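Asker: Each residue of the sequence shown is one higher than the last, beginning at 1 in UniProt numbering.
It is worth saying that the hints were derived from the structure and are not from the lab.
There are no misleading hints in this set.
Below 27 Å or equal to it, Euclidean Cα-Cα: the simulated BS3-like pairs (lysine-lysine) are: (1) K158 - K240; (2) K240 - K163; (3) K159 - K30; (4) K159 - K240; (5) K163 - K30; (6) K233 - K158; (7) K30 - K158.
Since we're looking at a predicted model, the values are computed, not measured.
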Amino acid sequence: MISLPLVYTILALIAYTSSFWYLFMHLMSKRPANPWFIGIMSGLGLILHASVLYNDMLTPLGINYDVFNLMSFTSGLMLLLSMLYSTYRPVISLNLIGIPVAAFGLILGFCFSKSKQFIEQHSLGLDIHIILSLSAYAVLLMATIQAVLIWFQNRELKKKQKKRIWVNFLPAYQAMESLLFDMLITGFVLLTVALSFGFFTIDNFFAQHLAHKTAFSIVSWFVYGSLLIGHYKFGWRGQKAIRFTIIGFFLLAIGFIGSKFVLEMILHR
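Please put together the full structure from these sequences, using the hints given.
Answerer: Shown next as structure tokens:
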């Protein structure tokens, strides 16, 4: 008997694929794509994606924090934000990145997630902290990818190359840069709230081996905050914005991935 989550997964992939190919074919033929069709099909895929996640993550024992469930969650969130940003910025072509990422995350979550990956001493506040942290990481990862794309775009513009792959494929440079700071503001706010919840809900950072992760997260918060202040007060942009964005996410990654590596691979905890 075919399970309902499998049906939802297949239908979500069909919706994602339809939206991707419609957008891809219109961009290749340089015809304007209908944003309503892309929004409806991608939105339908996200609703089905969320239904699969709801079944896998929310259980009577709490939230199942399996790594593949978390990858599925973050990939879906990245597409959702990409769609929201494209409603008021002329960056609809960036959904060509967001849609495959969401589809790949959905497949990983459905095929490889395991049950009973719970936090032993969890609470509502801790669950909110974790979800907000994951959301902040997802948005700031998007901002980092955006910064790299802008770097490629800026490089082609400065060198005045005849074959401008990134300039021709991506939205206008000004729109890309404006979107970068939209992402940075969203990620910074989420990171701020996540850190605040962490301080109030986690009792002992050292006993839970979270001091390393927290320290790097706070330094990263200062990097992003400095960039945003510099942008709106002193007009920082371009290469400086790219460098700050990448350094900020590098610190976040060191804190998150480094902590898990030390605990699981070296200390076997």
